[in-house]
Each structure stands twice: as C-alpha cells, then as structure tokens.
Amino acid sequence: MIEVAALVAAPLFAGGLSLVVHRSALLHAINLTSMAILVTAEIMITSAVLKDGPFTALEQLVYLDALSTFILFIIGAVGLACSFYMRSYMDEQVARGIVAPTRLNMFFFLFHMFLLAMVVATIVNSVGVQWVAIEATTLATTFLIAFWRRRESLEAGWKYLILCSVGISLALFGVVLLYYSSLHALSDVGQGLNVTQLLIVADRLNPHVLKLAFIFILVGYGTKVGLVPMHSWLPDAYTEAPAPVVAMLAGVLEVVSVYAILRMRVIVDHAVSFAFTGGLLALFGFASLVTAAFFILIQHNYKRLFAYSSIEHMGIAMIGFGVGGALGTFGGLFHLLNHAFAKSMAFFAAGNIHRRFHTVEIGQVQGVATAQPWTAMALMISGLALSALPPFSSFASEVQVATALASQGVPEMWFTNTEGMVTIALSDQFGRLAVTAVFLMSAILAFGGLMYRITGMVWGTPPEGILREETWTVGHLPVILLAGALVVFSVFLPPPIRQLLEQATTLLVIQ
Amino acid sequence: MLQAIILVIAQVTVLLTVSPFLVGLIRKVKARLQLRRGASVFQPYADLAKLFRKQPVLSTTTSWIFTVTPYIVFASTLTAGLLVPTFISQNPMNFAGNIIALVYLLALGTFFLILAGLDAGSAFGGMGSSREAIVASLTEPAMILSIFAIALTNGSTNLSTIVHKTALLDGVATDPSPQLMALASLFLVALAETGRVPIDNPATHLELTMIHEAMILEYSGRYLALLEWAASLKLAVFLSLIANVFAPWGIATTAAPAAMMIGVLVYLAKTAALATVIGMIECMFAKLRLFRVTDLLGVAFILGLLGLLFFYTLRS
Amino acid sequence: MQVLSYSGSQLVDLCSALLLLTCFAIVAQRRLSACVDLFALQSAFLVVTAALVAYLTGNQHIYIAAVLTGVIKVIIIPRVLKKVIDRLNVKRELVMYVNVPAGLLICGGLVMLAFFISEPIIPLGFLLTRDSLAIALAIVLIGFFTMIARQKAVTQLVGFLVLENGLFLGATAATYGMPLIVELGVFFDVLIATLIAGIYTNRLQDAFDSVDTNRLTVLKE
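Protein sequence lines correspond, in order, to chains A, B and C.
For the first sequence, the numbering used here gives the first residue as 1, with consecutive numbering after it.
For the second sequence, the numbering used here gives the first residue as 512, with consecutive numbering after it.
For the third sequence, the numbering used here gives the first residue as 828, with consecutive numbering after it.
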C-alpha cells in the first residue's frame, strides 16, 4: 500500500519542508516533486482499482473505490496545473513586492496542508474523519484567502471562516446522527462511521434519523460547495484570494465537498428512498442554477462572474445527481471534471488579467487579445467551455444532465403521496417539460451573460499604459493542457477515465 | 386540632425570629467579603426594637392608606409565610391556600406598598412606586410560569403536598430538567421580589438607584419597623420556598418532636446557606440599570417557560 | 451497552439542562469577557456530563474526551479569547441586531423547535436520557442564533464554540462518544479554528479599527 501512503506523505513532507526552506526556487521544486509523487501514486491507485475493484488499506482507515479515485484524479490534475501556474504567478507577486519573500514559504505550507486535507477527505473510510479533513480544508485556506492582508481580503477570509465553520458544524451534527443510527445496526461500534460498514447495514438503519442526518449533511457540506442559499461567502473569497488558490477552491474543494455529500447519499438511499435525497439535491441544484444565472447577468467584476459561474455549474451537477439514473449521475460526475478544468483555467486567465490591468472591474478591462494574447485565448476557451458550447466536453456533460432531466424529471419532493400532504410532482410529462425549460433557460442566460462580458474584455484596445506583449512562461503550460483536455474529452474519453466514471456511476445508482 | 394550633404558632415564631437573622447574615457576608468586620448578625433585631420604641411621624398629606399599609403588608407576608412549609412538610395551614394564593398574598402587599409610596406625595415615593410597579409586573409572569412548572412536575399546587411527596422520595425529583429551569427562574424572581442586587440595592438611599427604599422613605417609628420586618419576612418566605421545594432534605415529615427539632436545625442551615449565596451575589455583581432589569427578568420568564416546555415534552 | 440506572440518566439530564441554562445566560449577557466566562462554565458542565456518561456506560475513551474538553475548552480557549478581548477597545456589546428579551424569546422558540425535530427519533434509541439529544440540538440552534444576533467578532466566536459544545453533547449523550480518532480530530479542528479566529479578530481590529462585523461591508454585490 505504498501508493496510499505516498498520497498522504507527499503533501505532508512537502508542507513540513516548505516551513524550513526560504528560497523560492527550492519551494517550487518541492511543490512540483510532491505533486509528481501524488500524481504517480494516483495513477497506480487507478490501475489497482480498475483491475481489482474497491479496496481498503491501513487497518480499514482508507477506502478507495472508483468514485474516490475519480475525485483523486481531479485533485491531482488541477493540483499539478496549479503548481505550474504558481511557478510564474507567485514569483511575480514576490518580485512586485505584493508578497514579502519571507511569507512565501507560509503560502506553500498552507497550500500543501490544503492539499493534504483534501486528499485525506477523499480517501478516508470513516465519515467522521472525512468531516475532520473537510473542516481542516477550511482552516488551511482561510489564511490563503486573506493572504494579501488587505481590508477586503480580511473581510472575505473572516466570512469564509465563520460561514464554512458553522456550515460544517451542522454537517457534524449529521455525522453524529448517522453514527447514532448505525449503533443499532452494528456490533463493532468502533467501525460505526466507516463507509464500508455502513454500506453493508445501510438498509437496516433507521430512516427517520437518516433523513435528518442527510439534511444536516447536505446543508453543511453544501455550504462548502457554495450551494444557494449558503453561497454568500463564495464570491467574496474567490475575488480576494490569489489566483492559484481560487483555482484550487473552485476546481477541487467544491468537488471534494460534493463527494462528501455523494458518499452520504448512497447510504441514505439504501435506507430511505432515492426520491428523498434526489429531490433535495435537485432542489438545491435548481436554486443554485437559477440564482447564479441571474447574478452572472448583472456582474461587473470578472472574478465574481466566474465565482457565480461556479455556483451555476455546481447547481447543474447537483441536478444531475438529483435526477439520478445512469445518465444523470454520469453527467453530473463528468460535469464535475469538466468544470474543474474549465474553471481553474478561467481563474488562471483572471489572475493574469488582474496582474496586468490591476482591476477586477469588467468595464476597465479591454483588449486583452492585444495585451495578453495567450491569456486572451485561455479566457475565450474557458468562457466557451463554461458556457457549455461544443466542441468542449462540458457541452457533452451538460447535455447528458439535460437529457436525463427531460426524460425522468425531478424526483418528487420529500413529501410522499399520502393524503393531505403537498406533493410537488415534477416527474410527469408537464413537470418534466417545465423543469427542463427552467434548466435550459438558466443555462442560456448564463451563457449570454458570460460570453457578453468575456468578449467585451477580449476585444477592443487596451487602456493607455498597459503593456502590449506577453512572454511565454511555464505558467501558460497548464492552460494549454487543460484546454486540450477539454477538447479531447468531448470526443474521446481516455479508457481509464471512462471506466472510472462508469464504475463510479454504478456505485452511486441504487437500483 | 390543638397540635395544629401549636404548629402554627411554632411556624409563626420561627419565621418571625429567623427572618431578621437572614438579613443580618447577608449583611455580614457582604461585609466580610468586602474585608470589613460589619455589624453583628443580630443587629437587625436591635434595629427593629429601636424603631418600635420610636414615635412615628406622619406627613399631614397622607391618607388612611398610609397608616394601614404597614399592617396589611406585614399581615399578608406573614400569612404567605404560613402557606410555605418551613421545618415540617405537612404544614398546618395548608388548607388555607395553595401556591397561587401565596403569589397573590405577596402581590397584595406589593400593591399596598406602591399605593403608600404614592400617598405621601413626595417625589421619591412616587418614583419608587413606579419602579416597583415595573419590576412587579415583570416578575409576576416569570413567577407564575416557574410555579406552574413546579406544580405540574409534582402534580399538585399545594405546597405541603409538593414538599411532602418529594421529601418522602429522598428528595429525588422525577424530572430534573423542568425543576432546574424553575429553580433558576424562581431564584431570579426572589432576587427581584425581595429587592436584592442586581435589581435593587437595599443598602442605598441614593435616589438614582433605590426602589424599595424609596417607597418606604416617608415611614418612621413602628410603621417602618413593621415594613422592614415584612421585607425580611418576604426574604425568608422565598428562601424557604426555594430550599424546601427543590431540596426538601431533612424536613420533618411527621409531627414527632425529634424530627421537628432536626427540621428546625436543617431549615436554619438551608436558609442560612441561601442567604450566604445572596450575600456573595451582592458582592460580585453590580446593580443593573433599571432598563436592563427587563433583560434579567426576561431570562427568568424564559426559564419558567422552558420549565413548562420540558415538562410537556418529557411527558408526551 | 448496559442498561443504566434511573438516577444516573437523571444526572446526565440535569447536566444537559445546566448546559442549556448557561446558553441562555450567554444570550442575555452583553459583556464580552462575561460571555467567555460563561462559555468556560458551560464547557465545565460538559466535562461533568462527559465524565458521567463515561462512568455510566463504562466507555473509557469518553474520559479522554472529557479531559480534552477540560483542557481545551475550559482553560486554553477562554484564555486565548480573554487575550483577544484585552486588545480590543470595546468591552461590551452595545448594539445588537436583536435585543435581549426578544433574543431570549427566540431561543425559547428554538428549544421548542429542537424538541419538535428530534421527537420522532428520541423513542427509538437506547438513549441514556430522553432529552439530551433534543437539548444538544437546542444548544446548536442557540449557538447559531448567537452568531447571527451579535455583531462583535468575539461574541460570534463564542456562539460558534457554544454550537460546538452542543454538538459534543449530542455526540456524548446520544452515541456515547464518537470513535476516538474522530473526536481527537474534532478537538484539533476546534482549537485551530479558535486560534485562527483569534488572530483574525486582531487583524480586523487593526485594519478596520473595530471588531464590529457589520463594518465588514467592503465586499458586496
């Protein structure tokens, strides 16, 4: 189980080393090495999982199946991209005196801790430890968000810390309830929070308790995902944090939080019903999609624009999971991947623009194509991908979700069809039509808002005093790779990824 | 019958003799905590004796209400005291009224005191009366709620029954949570009703802060003595209520002389302990501003409400 | 799991009720340092509850949790918060979004809500007590409310810690403690969160000259 150990050890040691190292080049070297180890370990795990199926390791502490491996893949890919981007971004921050050279190692330390917490949250077997790890991501990132130490970033950091901590606390109550219900069914209490054990006894767990637990967990981790109405920290944090951090937040942390919800959801599905969890997920999904689409339209700040676009895409993925079935779930998972790639790319571009134009106002940014041709290309591509246009893979995943929605509708909301209860029937023909229409309308609104703003930024002549050339740096490499991946994935999913996705889908769909 | 009469007389004697001692004890504790020697704990007896010997002076503007009030206050408080078990659980006067009667006997005294404060027509009296009216109107609901919580958990409104039942159960109440809420609520109410810090300060004659003292500012001589004695009686009533309803350990459950002797001693110890606690509170906390009193009594009210709530949720 | 004696469960009940009682005191208290003291008191009650549960159920690892609660929540965190308060220029909460009596009424309502929510799941447990889980939920909700109703960063933090106490009470009284590794992790997280929030409060004080969180209005739509 060397690869599992490497997965945890790499960021841990890298973080420790970063604390004692001060030279920038060395810090980057440590970072890239640890990411390389991480990715190698992931590849080994992927092949192991694909060959032998799910396995546990380290005394039942670690549980890896197709779903967690898939999430690991996203962490590794986006993490690696971020590391390359940081190479040019952080050095420039130091060179321009925005970040003191002495604080650079703190940045890397926190970055590694953030990575570590996310890896642990993904691979761990116990839902309780998963909670601890997800709370740890909050703690690691709160100083990263406020890294610039301006008033705005302090404000954003405080909001993030308080809102996420409280949200996460509610999730802990859900975990307590889950444990409470498992105590009846399990003989070995010490294993009472392990996913492997819970899945075995899932249909014997008490549905009342599980329903309550799921609501708490959905609201709790939903805060981290940034689902409406728990999203208010998200645009602030995404605006204020340094670009590589935002890329990680938007690309990976959201995915890990969704993963925590999905893990819980499978257990609850066994005990309660698919319609209960699906209805709730779809409800939050639609709330996020519609609200975010509206805010995208009125946005004047390009970082906030992308932040709301994150909320929108998480909403779409949630709708996919809520509708369920093989198609919806597959679409949802695939959409998580596509969004992670497209959004980290978008924030790389946003970071470059911010460094050049020194503003986050869309109105003051013009002619990026002239000033920064590479960045303009990245911005356009990510914008198109985020609008889910062909030939990008996000088009494929969004169409999958929409098709699932149109064919199955939303599961009936949590009131069952007993007399005197309100039933929101959204799975009959009319209901299906209505929810699909809402979905498509919101997607089109978001597309319009996003592309209108982005084209306005890309074309035109840059303001006076803006440098009109862009030299190739290593920071451009991840952008090219991510863009390439988005295009390739739309027509050809590499077999390992496809298998992971398919197996993860079967894990999530309860027949 | 004869036994009942003797018991009533005994209870009256105990209440009347113990109550000034409690006031003296609070003052002593306070003094000690402030590193003063303080007056003897028996000083209030001397004060009362002195006041009874003095000739009262009556303002020419006062009406009959002013002269009759001290007697009404004293009598109503003493009657209220007879409804509360002190050293024996089966109170001889328990036929005369229950826990609700107790509340309204005390309210009767407050009502007349407020009238008397207004009667003399002095500025301070009126101010004290209006403040007392505010405090009383806020304590009333809190007290009623906490008392209901007690009555419901014990299944009776009769104080003797409540105390007797719990005493026979070795003092273990059936449900601790509602009792605890009611206790906390009743303690706050007791502080407010007996004019203690942090609601009122009995040791001051500063016009900005006084409530009870302002109302009785015009009194002198034996009238003042009666009112002071009634105030200390009221304190004794509340302390007995708290001590015996929530911790009826050691109270005499039969009329056997030995049990009653122990009962009296335990009663003394319990009320003295409570008085010490009050003395400590007076040292540790500052008096609240009048408009903050609502906060504290709001707490008392909510606690009473919670007591009731706990009772109902636990029953169902 | 053995069947517990009647009076033992009553004691746990009593302790949980005491925790709830301190919650109300915190809601009614305006002075920042007194809020911190009350939080320490509440944590002390929590230690007693956890020790009681450990004794009654014979689960040794709850003792560890109790000791940790004592060290972290009764000693370390209050000290950290006191230090933070010492640096501030404001010692008491002057303006609240909800005044004290209304706040207390709302909290009373929250307690009812908590009982209402947990009613369907209470009877099925081999629960130590009937109402500990409901009280835990009530404390969580009141902590939540405190965070919303107060403006000062420190009192918001106290609200968060109260919320955590409620969670811990729920975990102890309803499930006889979580697996040890989870509990340790939770303690670690809470401690770090408090330290971070303490540092933040100081930085907010420096940057905004105030710890009123309603001054944090630079970022908005």
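Calculated directly from the structure, the hints in this document are not laboratory data.
Keep in mind that the hints are not guaranteed to be accurate.
Said to hold, decoys possible - So, partial list: chain A residues that the calculated Cβ filter (under 7 Å) puts toward chain C: (1) L50; (2) D52; (3) D91; (4) V94; (5) V132; (6) E135; (7) L139; (8) L172; (9) Y179; (10) Y180; (11) L186; (12) D188; (13) G190; (14) H208; (15) S232.
Quick reminder that beta carbons are idealized off the backbone N, C-alpha and C, glycines included.
Hint by hint, here is what the structure shows:
1. Because the beta carbon of L50 of chain A sits about 30 Å from the nearest beta carbon in chain C, more than 7 Å, this interface hint is broken.
2. With 7 Å as the threshold, the beta carbon of D52 of chain A stays out of range of chain C, its nearest partner Cβ sitting at about 27 Å, so the hint is violated.
3. With a cut of 7 Å, the hint placing D91 of chain A at the interface with chain C is violated, because the nearest CB-to-CB distance is about 26 Å.
4. Annotation: interface hint on V94 of chain A violated; nearest CB of chain C at approximately 21 Å, more than 7 Å.
5. Satisfaction of the interface hint for V132 of chain A is found here, the shortest Cβ-Cβ separation to chain C being roughly 3 Å, below the 7 Å cut-off.
6. Interface restraint check for E135 of chain A: the shortest CB-CB distance to chain C comes to about 4 Å, inside 7 Å, so the restraint holds.
7. Annotation: L139 of chain A was flagged as interfacial toward chain C, and the flag holds, the nearest CB pair being 5 Å apart, inside 7 Å.
8. Among the interface hints, the one on L172 of chain A holds; its C-beta lies about 5 Å from the nearest C-beta in chain C, closer than the 7 Å criterion.
9. The criterion of a C-beta within 7 Å of any C-beta in chain C is met by Y179 of chain A, whose closest approach is roughly 5 Å, and the hint holds.
10. With 7 Å as the threshold, the beta carbon of Y180 of chain A comes within range of chain C, its nearest partner Cβ sitting at about 5 Å, so the hint holds.
11. Interface restraint check: L186 of chain A against chain C, minimum CB-CB distance 11 Å, threshold 7 Å, status violated.
12. Below 7 Å, beta-carbon pairs count as interface contacts, and D188 of chain A has none with chain C, the closest being about 10 Å; its hint is therefore violated.
13. A hinted interface residue such as G190 of chain A counts as satisfied when its beta carbon comes closer than 7 Å to some beta carbon of chain C; here the least separation is about 5 Å, so the hint holds.
14. Contact between H208 of chain A and chain C, as hinted, is supported at the beta carbon level, the nearest pair being about 5 Å apart and thus within 7 Å.
15. At about 10 Å, the closest approach between the beta carbon of S232 of chain A and any beta carbon in chain C exceeds 7 Å, and the interface hint on this residue is violated.
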